[in-house]
Every structure is written in C-alpha cells, then in structure tokens.
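> Now for the letters of each chain:
There are 2 protein chains.
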Amino acid sequence: MSNTVDLIIIGAGPAGLAASIYASRYGVEHSVIGLILGGQISETHEIDNYPGMENMSGFDFSQKWGHHVEKYGINIIPQRVRSIKEAKESQTFEIELENNAVYNAKVVLLATGTKRRQLNIPGEAEFRGKGVSYCATCDGFFYKNKTVGIIGGGDSAVGAALYLANICQKVYIIYRKNELRAEPFWLKLIENNEKIELIYETNVAKISGGDKLEKIELDKDYNGGKELKIDGLFIEAGSDPDISYAKDLEIKLDEGGYVKIAKDGATSMPGVWAAGDITDGSDKFRQVLTAAAEGAITARSIFNWLKKQSK
Amino acid sequence: MSNTVDLIIIGAGPAGLAASIYASRYGVEHSVIGLILGGQISETHEIDNYPGMENMSGFDFSQKWGHHVEKYGINIIPQRVRSIKEAKESQTFEIELENNAVYNAKVVLLATGTKRRQLNIPGEAEFRGKGVSYCATCDGFFYKNKTVGIIGGGDSAVGAALYLANICQKVYIIYRKNELRAEPFWLKLIENNEKIELIYETNVAKISGGDKLEKIELDKDYNGGKELKIDGLFIEAGSDPDISYAKDLEIKLDEGGYVKIAKDGATSMPGVWAAGDITDGSDKFRQVLTAAAEGAITARSIFNWLKKQSK
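Chains as they are written, first to last, in the numbering used here: chain D, 1 to 311; chain V, 1 to 311.
In case anyone wonders, no lab produced these hints; they're calculated from the structure.
A portion of the hints provided could be inaccurate.
[Unchecked claim] With a straight-line cut-off of 20 Å between C-alpha atoms, the simulated PhoX-like cross-links for lysine-lysine are:
(1) K284(V) <-> K170(D)
(2) K284(D) <-> K115(V)
(3) K308(D) <-> K307(V)
(4) K263(D) <-> K263(V)
(5) K188(D) <-> K263(V)
(6) K195(V) <-> K195(D)
(7) K188(V) <-> K307(D)
(8) K177(V) <-> K115(V)
(9) K144(D) <-> K71(V)
(10) K188(D) <-> K177(V)
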C-alpha cells in the first residue's frame with residue numbers, strides 16, 4: 001500500500017519542524033516522519049539560545065514546536081526511515097519505514113541531523129543531561145563560575161574549552177594524546193588562558209555522582225590522584241551525520257559526510273533537499289536557530305520547485 | 001566623550017537581537033543600538049511563522065526578544081546611528097548617534113534591515129496593521145478564505161499573489177502598468193490560477209473602512225465601478241536596505257543595494273559584519289528566522305575574529 005504526497009520531510013528536529021511550518025503556510029501537502037519529536041534538542045536539559053524562548057527544557061521546547069506543526073493539520077509519523085529509492089516510473093521517491101509502511105513523494109527533505117559520538121564510559125549514559133553534555137554552546141551557560149571537564153582534543157574540543165573558559169571558573173581538557181589537534185591560533189589562546197588546564201595522555205575511566213555528576217575518575221594519576229571533582233563534563237568526540245537510510249540516493253557529501261547543499265537547500269540530486277545539522281550550510285554552525293532557518297529556506301525552494309514541475 | 005567596546009550591534013530587530021544573545025553567551029562585550037525594539041517585526045500585527053512561538057503580536061514578540069537580550073546584562077540604546085567612520089589611529093570604528101553620543105568599537109555589526117516602500121495612498125497609514133500589510137508571508141495566513149488585493153507587479157507581488165492564492169478565496173493584483181514584470185514561470189501560474197484576477201493600468205486612490213479595512217477605491221472603473229470590497233491589501237512596492245548611515249564604510253553591495261556577505265557574515269571590509277534583511281544571505285529569503293540565524297552565525301564569527309586579533 002502506498003500513499004503519495006508532494007513532500008516527505010524526514011526528521012522531526014528543528015530543521016524538519018520549521019520546514020513543515022513553512023510548507024504548511026505555503027500550502028504544500030506533506031508529511032513529517034521522525035521518531036523523536038524535537039530530535040536531539042529533546043535531550044538537552046535546558047535551551048536558552050533560541051531567541052524569544054528563554055530557559056526551557058529540551059522536552060518542553062520540543063512540545064511547543066510539535067504543537068506549532070500540528071496546528072496546521074500535520075501529523076508527525078513517529079517512525080524511522082529504512083530506505084529511500086527512486087521510483088522512476090512514477091517520478092517519485094519511495095520511502096520505506098522501519099514498520100514496513102511505504103510512502104511515495106515527489107520531493108524528499110532530509111533533516112535527520114547528526115548523532116553525537118558517545119564514548120561509552122561507565123556512568124556516561126546515567127549522567128547524560130545531569131552533568132554530561134555533548135554540546136558546549138547549548139549547555140555551557142548553565143555552568144557559570146563552575147568547574148567543567150572536556151574530553152577531546154580536536155577543533156570542537158578546543159573551541160568548547162575557549163567558550164567555556166569565558167563562562168566557567170575552571171576548564172580541564174582531558175585528552176588521550178600528547179598534543180591537541182587544532183588550529184595554531186586556538187592553541188595559543190588555550191596556552192595563554194589561565195582557566196584552562198590540560199591533562200594529556202589520559203582517559204576518563206568512570207563518571208559518578210548522586211543526582212548530578214560530581215566527579216570523574218582518570219585512568220592515571222593527575223596532581224597526586226585519579227579523582228577529579230567537576231560539575232560538568234563535555235564530551236566532544238565529534239558527531240556524524242545521520243544519513244545511512246539515504247545511501248541509495250546519489251547525493252554529494254562533503255569530506256565529513258555532511259550533505260552538500262546549494263544556497264536554496266537543494267542537494268546534487270533533483271527532488272532531494274536537505275536542511276539542518278545534516279548539511280554543510282550555515283557556515284557549519286549547527287544550532288537550533290540555524291537548522292530551523294535552513295528548514296524555512298528549503299520549504300520555500302521546494303514550493304517554487306513543485307510549482308515549476310506542475311506547469 | 002567616547003566609550004570603547006569590542007562590538008557594536010546596530011539594529012534591534014531579529015538579526016541584531018539574536019547576535020546580541022549569542023555574543024553575550026560567547027562573552028563578547030558589546031552594545032546594541034536600535035531605535036525600535038524588534039525593528040520591523042514590532043509593526044507586524046501577528047507573527048506565526050517563527051517556530052515555537054505561535055500567534056503572537058509583533059509587539060509582544062519584540063518584548064520577549066528584548067527581555068532575552070537584557071537578561072544577559074545588555075542595555076539596548078534607543079537611538080539611530082548618524083554615521084560610522086574608521087578611526088585608524090585607535091584601529092576602531094567611531095559610531096556617532098543622532099543624539100551626538102559617540103561610541104568606539106573594534107567591530108561593527110550592521111543589522112538595520114530594510115524599509116518597506118510606502119505608496120502614501122490616502123488611508124494607507126491609518127489602516128496599517130488593520131488590513132494594510134507589507135508582507136504576505138508574515139500576514140497572509142490571517143486572510144484564510146478571504147478576499148485580498150495586492151498592489152505591485154514585480155516578482156515580490158507575483159510571489160505574494162501565488163502564496164495568497166493558496167490561502168485566500170480571491171486575490172486581486174492591482175498594477176499600474178499593462179503587464180507584470182516577473183519570471184515567465186510565475187506568469188504562467190498566475191494566468192492558470194482561477195483565484196487570481198488582474199487589474200491592469202490601475203492605481204488605488206483610497207483605502208477605507210471602519211475598525212478594519214473594508215474597501216478600496218480604484219482610479220478607474222473595473223467591472224462597472226471604482227469600488228472594490230476586500231479584507232486585506234498587500235503593498236508589494238519593494239523594500240530598500242536601510243544603510244545610509246554606513247556610507248563612509250567601504251563595503252560592497254549587490255545590485256539591489258544589499259550588503260554582500262561571506263558565509264560567516266563578514267562584509268568586504270575587515271571588522272565590519274552584517275546580518276539579517278540588510279544582507280544578500282539566506283538565499284535572500286528575508287524572515288525573522290533567517291535574520292536571527294544570520295545574527296547567530298555572525299556573532300560566532302566575530303568572537304573568533306576578536307580572539308585572533310587579541311593574539
């Protein structure tokens with residue numbers, strides 16, 4: 001059984017939901033498929049960098065966006081997509097869900113964001129959102145004048161350290177190698193920043209605490225002991241675009257695996273669009289706000305494209 | 001008397017306010033100068049296309065954004081900028097306000113948006129926000145199944161007509177010339193759309209009603225009379241970037257007078273950045289959401305730039 005619509009939006013995070021709101025306002029018939037309302041944002045313990053909506057839990061934030069989408073009559077289908085194939089005869093895309101349902105659409109919008117790499121340290125899952133964070137820009141401000149640790153040594157870890165040093169009292173960078181892998185100008189700033197302390201050739205062996213994270217255990221001695229008391233731990237092991245379901249599409253990716261998009265959100269494959277963290281857009285600044293803006297831009301482009309096709 | 005800060009943000013609309021929130025979170029010392037909190041959005045009678053904030057008056061919306069900015073300790077200076085000059089000795093920019101106050105800043109962010117062209121038709125000012133609108137995407141949805149008129153004949157008027165035809169029962173395009181100036185594919189769609197009616201070589205002479213707009217008077221007969229009953233009138237006479245105060249800066253503009261920006265929001269002049277409706281960014285889709293995203297991207301870029309300078 002198949003249901004054909006003009007547009008299928010894959011992903012129910014900020015990009016997909018913003019695209020849906022704009023598509024509804026443009027009168028584009030569409031469905032949204034996404035397992036988790038709000039996507040990654042639903043896991044953020046508090047969001048305060050989306051202008052106009054102050055200090056809100058990721059859950060409440062996601063609910064508000066979901067409500068905004070649904071008031072235009074759109075139901076979000078809580079499923080994962082298994083595969084997307086071109087159905088050349090009908091000039092549509094065939095989208096198969098993990099529950100075996102099949103949808104056909106003239107246009108697909110890929111908006112499934114990224115997955116944070118996890119390290120699977122004991123305690124990591126338990127303290128996620130209770131001191132363990134995967135996003136310094138999202139959560140850093142909640143550790144004002146506190147002590148935090150960062151695991152990682154690449155550009156994102158170093159950027160996070162400098163960002164957090166502006167806010168926190170003390171920032172430890174814990175890195176398994178013996179030097180950071182980041183741009184020279186960042187490194188100099190790290191060296192000159194008295195708040196930042198580097199712990200090289202060390203891994204975090206355990207994360208523990210009560211209701212919230214209280215300390216971590218290192219795999220070797222530092223300042224005479226393995227225990228480090230911190231209020232927050234930022235895991236900056238990188239993210240990967242979440243796009244395995246789209247492997248049958250001929251879309252160009254950048255060196256990091258992100259979907260290359262034109263200014264209007266088009267991918268290299270006609271009829272396939274992308275928005276949000278999954279793309280190389282917005283100067284690669286991956287935020288709720290920028291993802292949503294890409295969703296809006298893409299919805300307009302899809303509206304125009306569908307109008308041209310129906311000529 | 002002069003006050004030197006790292007960053008001056010000029011404009012208190014979505015781009016400037018989002019940039020301020022992000023700059024605060026990055027720890028960048030800055031001020032915001034803008035006469036009207038919210039900028040153009042403060043005039044919109046209702047906004048419903050900013051995800052997560054449903055059906056809000058432009059005034060309330062602007063207040064929320066202002067509050068979000070101010071909670072980080074930033075005061076918005078309610079003034080207009082008269083001029084910006086390079087102060088080469090101090091390697092800063094000198095910003096003079098209309099009240100003669102002078103500020104110096106290492107970086108300036110231009111975020112003053114656009115001004116809608118007004119036609120100065122009798123009744124236009126009186127019914128602004130009560131049926132007269134300058135933005136179909138902002139306000140169109142409030143005329144669902146109603147009758148609207150559009151003044152104009154360029155791409156923006158034609159785009160507005162197609163957008164409104166998806167929502168409204170009837171759309172009149174009133175244009176002073178004898179053919180539309182828009183892309184062929186748009187024109188064909190206009191011709192084929194039964195809801196859209198063209199009234200050529202005609203001007204609107206008067207706008208009238210009670211509490212709300214009820215009718216317009218044309219300057220020549222149409223269907224046997226000069227009067228046309230409509231619920232809403234969209235004036236699509238174009239917009240112009242609001243940038244006269246920055247004429248002493250050497251920044252490149254596009255053919256429409258918009259500030260050309262790189263992906264990171266940089267203009268062609270070092271130390272000068274731009275975000276929002278004033279730029280050629282976001283595929284020229286000028287919305288609260290896209291303006292705010294540009295503000296965020298630019299704040300990050302400015303943070304990085306200032307860090308590099310202070311090496």
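> Hint by hint, say whether it matches the structure.
Against the structure, the hints:
A C-alpha spacing of about 42 Å is found between K284(V) and K170(D), which places the hinted pair above 20 Å, so the restraint is violated. Taken as a hint, the K284(D) and K115(V) pair is broken in the structure, with Cα atoms around 30 Å apart against an allowance of 20 Å. In summary, the hint linking K308(D) to K307(V) is not supported, as the alpha carbons are separated by about 47 Å, beyond the 20 Å threshold. Between K263(D) and K263(V) the CA atoms are separated by roughly 10 Å; this keeps the pair inside 20 Å, and the hint holds.
Between K188(D) and K263(V) the CA atoms are separated by roughly 25 Å; this puts the pair beyond 20 Å, and the hint is violated. Only pairs whose Cα atoms come within 20 Å are accepted, and K195(V) paired with K195(D) is rejected, the gap being roughly 65 Å. For the proposed pair K188(V) and K307(D), the alpha carbon gap of about 10 Å is at most 20 Å, so the pair holds. Distance check on the hinted pair: K177(V) and K115(V) sit about 24 Å apart at the alpha-carbon level, beyond 20 Å; violated.
Using a Cα cut-off of 20 Å, the hinted pair K144(D) and K71(V) holds, with the two alpha carbons roughly 14 Å apart. Restraint check for K188(D) and K177(V): not satisfied, since their Cα atoms lie roughly 63 Å apart, outside the 20 Å limit.
In the structure shown, a violation is registered for the earlier hints numbered 1, 2, 3, 5, 6, 8 and 10, in ascending order.
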